[in-house]
Amino acid sequence: MSPDGMGRLYYESAPPIKEVGVGLGLWDSYRMRLRRKRRIIRAVRKSRELTPVQDNTNRIRRGDILLVCTMRNEQIRLPYFLQYYRDMGINHFLFVDNGSTDGTVPYLTGMPDVSVWYTNASYKRATFGVDWMNYLKRKYAHGHWVLVVDPDEFFIYPFCDTRPIRGLTDWLDNSSIRSFSAMLLDMYPKGPIDQQPYRAGQDPLEIANWFDSGNYTIKRNWKFGNLWIQGGPRSRVFFTDAPEKAPALNKIPLVKWDRKYAYESSTHMLLPRGLNLVYDEWGGEKASGALLHTKFLDTFHAKAEEELQRKQHYSASVEYVAYAESLNDNPDLWCKWSEKYINWRQLEILGLMSKGNWA
Amino acid sequence: MGTVGIVMLVHTALGRAEQVARHWAAAGCPVVIHVDRKVDRATFTAFRTALADLPDVRFSSRHRCEWGTWGIVAASQSASEMMLSDFPDVRHVYLSSGSCLPLRPVQDLIDYLADRPRTDFIESATTPDVPWTVGGLDEERFTLSFPFSWKRHRQLFDRWVRIQRKLGLKRKMPNGIVPHMGSQWWCLTRQTLSAILEDPDRDLYDRFFKRVWIPDESYFQTLARLYSSNIESRSLTLSKFDFQGKPHIFYDDHLQLLRRSDCFVARKIWPHADRLYEAFLTDPAGTMKGAEPNPGKIDRIFAKAVDRRTRGRPGLYMQSRFPHEGWENGVTSGQYSVFEGFSDLFEDFEGWLTKVTGTRVHGHLFATERVEFAEGQTVMNGALSDSTLHRDYNPQAFLTSLIWNARGERQCFQFGPGDAQDIDWIFAKDPNAQVSVISGAWAVPLFKSNRNFADLRKEAAQLQKIEAEHLKVLRSPYAKARIRIWTMAEFIENPMEPLQTIIDEIGNRSRRRLTEAPKMADLTGFGQFLQNLKNQGMHPYLMGDFAVERGLSKGDRPKRKPYLVR
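Protein sequence lines correspond, in order, to chains A and B.
Counting from 0, one number per residue, gives the positions in the first sequence under numbering that gives the first Met the number 0.
Counting from 0, one number per residue, gives the positions in the second sequence under numbering that gives the first Met the number 0.
Hints were generated in silico from the structure; no laboratory data involved.
Backbone N, C-alpha and C define an ideal beta-carbon position, used for all residues, glycine too.
Treat the hints with care, as some may be off.
Residues on chain A that point at chain B, a partial pick, calculated with CB under 8 Å [unchecked claim]:
#1 C159
#2 R162
#3 R165
#4 M182
#5 V277
#6 S287
#7 C334
#8 K354
#9 G355
Below, simulated PhoX-like cross-link-like pairs (lysine-lysine); rule was C-alpha separation at most 25 Å, straight line [stated by the list, open to error]:
#10 A:K259 / B:K150
#11 A:K255 / B:K464
#12 B:K209 / B:K165
#13 B:K354 / B:K303
#14 A:K335 / A:K123
#15 B:K354 / A:K335
#16 B:K533 / B:K457
#17 B:K245 / B:K296
#18 A:K255 / A:K138
#19 A:K36 / A:K244
#20 A:K310 / A:K123
#21 A:K36 / A:K222
#22 A:K255 / A:K36
#23 B:K428 / B:K471
#24 B:K37 / A:K255
#25 A:K218 / B:K428
#26 B:K479 / B:K464
#27 B:K245 / A:K255
Have a look at the derived ranges for each label pair, beta carbon to beta carbon [claimed, not checked]:
#28 A:I341 / B:G357: 45 to 55 Å
#29 B:Q255 / A:E305: 42 to 52 Å
#30 A:D27 / B:D298: 44 to 54 Å
#31 A:Q201 / B:D273: 21 to 31 Å
#32 A:R32 / B:T387: 38 to 48 Å
#33 A:Q201 / B:S448: 57 to 67 Å
#34 B:D85 / A:R32: 56 to 66 Å
All chains should be built: construct the whole structure from the sequences, respecting the hints.
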């Protein structure tokens, strides 16, 4: 490397941090490899469903940090979403618009840092959008740090109030880390979900600013090497009878992309599996962030009903079925032990995310 | 002409390097810059032109600098030679990098060094005396040879190390020099530096160090020992390393920390840390004056970061910390108490315990009906639900979350053979758990209940079987909790003493004698009840021996209530 870049004196002083891969035999490795190739082929095949509406990808410069997002009828969220991520230091947005009818595309037209593809094809048959996004990343994000989020997800990471995202990615590069974990943290308002109307441009956290701090369960997925995290208010309120069916909250949204990579299922897991090892297994803590999930605004009712009709979501939309049942009672997700969101440091102290060795 | 010369090794963020070079030059320090050969010609030329207006900024011949190799030493050598020959007034040469940032007014550094004209500031320690290199390549950095790049040919590198070890190959130190190591960033006097560079045996040393692993941390550090009359073994550059040996990086939010450190120079600075560059390069009247460098606070912050990365927070399970069994560094995050049989034997034991210890006392958290949180709450700290389905979905996560969520407040809960048993291994193995058991006390509620004897007999048999299994767990050599087990007969003989021991160990309140005992259930007829079970062919044995007539244990005494113990 460089005279300046790396490790010095203390090089050998490191306690043995064992970077054990997901120890599997040759046969399993081979099968995983096939699986990854299939994913990529599928992505390329599904790319035929995408029509470019606005292609500004020639503006992407070397080292730019990209954001990829699939959405449907989320125009009301976009003004704040774009502002939030522009302030964070995202250089270019790649959107897949899945049949929006609310003026999403006209809204994005003319923005120089936004490229949009349109499709009316089945979200479900594109593996819930994963295939489309895998294709876009393969084509445009090779060698870039890329953040994959939904329009209702707000990425936070250690020191995000004082350091732009490039600070994080530079540090990750320096530490030879390729992927960064950010668990999904469901945010909700106090009182019924539809009590406070959301205005375009408003910070959704002004309304949905409560979360569950300590009711999460973790299992290891030995096959893919990722963790499987469940819990939070959705599990507590909507899945009282079936905690095992509660949605997965583990996410790995920030990756230094390579065209050989592929998301396997949402941003929950990736191939090759080494990218899923975002957690330390020997007692230490790796750095991690969180995705503040602001799904539960007044817009949620309409959304849940629509999604229930379309049946385009995971596992026969079991999630939306569960919501619909509870939503008739207009539930209050808030409880006495809910925690009010302040900042990333609070989440760090609560043990929901970690600075790791970034100081 | 300046008396302090700055040698800068530069490879990226040339814009920042230019800023810093201007800063040094403006204070009258001559600067010699070495730009890594890997920087392309156009970029280099642009950089050179940008600094062309400064006569005392020179560029030395370029070498390829790869981490851990000789190139960095060669770069330092040629730049230093140029410094010594071009600027005869220079008394101290300060080796720095492009991502170094001077924190104090340059004049401070000039004065500091002027007061110490014969002192060489170079961290330099012998290999056996430093803890940094335990278990890895320490001594062997010098005795083996390293012709292969660690970065690019890792396999060859490792293989060659192994081969040399196997063959017992060892290189000899030239002229019997004693190898020293230390931070790469030094500040040497003209005398020492020129003695090293003009040594008649320099070829010999250079040849040797070209095959040493990471020579930039040992070449000057070793040779300075031959010539210097006065070595201060420390670096004037504040530079911290993380657990992988990579330098920590400073950002805008470190501004106050750096200000208060009183260090002369810090590295490395994130190139986009605009506020830092602005604060330290444009603010002529620095806030720091005359003090000795004191990086103590920064040291602590970075030491903490390393600890967080390598050891983590005990008892925490989260997205980026999920230890293998046995590597948790604490299964749970704090101490807690498990009481078995107490709430059967005593009336309102929970209320009594709350009053005496001031801890959070739950009922049977692992009951099969519902999670019996304290005060009948349906949700607990951290929004933990009282649903048994959720609890049983992952009992360990339930327990560890409960303890983690309530950090700072000791948790106590009841447990018994009527509860979901999956959790028992978890707390039995946990040194944070205090487990107190009155075995056989489950018979008391049966005895008090108004149910058909056949049912009672069946349930008693079942509970006894479960508890017997459970006691095996607690008595296993793998159990690491602080476990105390009394039979019921043993316990009621003298309940205050064990209670006192348990409460003292919880230690929440000041150590006082217990004055009020929990109220014990009336056991008149209990002996007969047990005898009836026996008569039905079910032998209750876990509670110890009870006499038939009085319902009391063998050395029976009339019951005094409430107890008062002196």
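Against the structure, the hints:
| no. | hint | result |
| --- | --- | --- |
| 1 | C159 | violated, 11 Å |
| 2 | R162 | holds, 5 Å |
| 3 | R165 | holds, 6 Å |
| 4 | M182 | holds, 4 Å |
| 5 | V277 | holds, 6 Å |
| 6 | S287 | holds, 4 Å |
| 7 | C334 | holds, 5 Å |
| 8 | K354 | holds, 6 Å |
| 9 | G355 | holds, 5 Å |
| 10 | A:K259 / B:K150 | holds, 22 Å |
| 11 | A:K255 / B:K464 | violated, 56 Å |
| 12 | B:K209 / B:K165 | holds, 22 Å |
| 13 | B:K354 / B:K303 | violated, 38 Å |
| 14 | A:K335 / A:K123 | violated, 37 Å |
| 15 | B:K354 / A:K335 | holds, 24 Å |
| 16 | B:K533 / B:K457 | holds, 12 Å |
| 17 | B:K245 / B:K296 | holds, 19 Å |
| 18 | A:K255 / A:K138 | holds, 14 Å |
| 19 | A:K36 / A:K244 | violated, 29 Å |
| 20 | A:K310 / A:K123 | holds, 8 Å |
| 21 | A:K36 / A:K222 | holds, 17 Å |
| 22 | A:K255 / A:K36 | holds, 19 Å |
| 23 | B:K428 / B:K471 | holds, 13 Å |
| 24 | B:K37 / A:K255 | holds, 24 Å |
| 25 | A:K218 / B:K428 | holds, 20 Å |
| 26 | B:K479 / B:K464 | holds, 23 Å |
| 27 | B:K245 / A:K255 | holds, 20 Å |
| 28 | A:I341 / B:G357: 45 to 55 Å | violated, 29 Å |
| 29 | B:Q255 / A:E305: 42 to 52 Å | holds, 51 Å |
| 30 | A:D27 / B:D298: 44 to 54 Å | holds, 45 Å |
| 31 | A:Q201 / B:D273: 21 to 31 Å | holds, 30 Å |
| 32 | A:R32 / B:T387: 38 to 48 Å | holds, 43 Å |
| 33 | A:Q201 / B:S448: 57 to 67 Å | holds, 59 Å |
| 34 | B:D85 / A:R32: 56 to 66 Å | holds, 58 Å |
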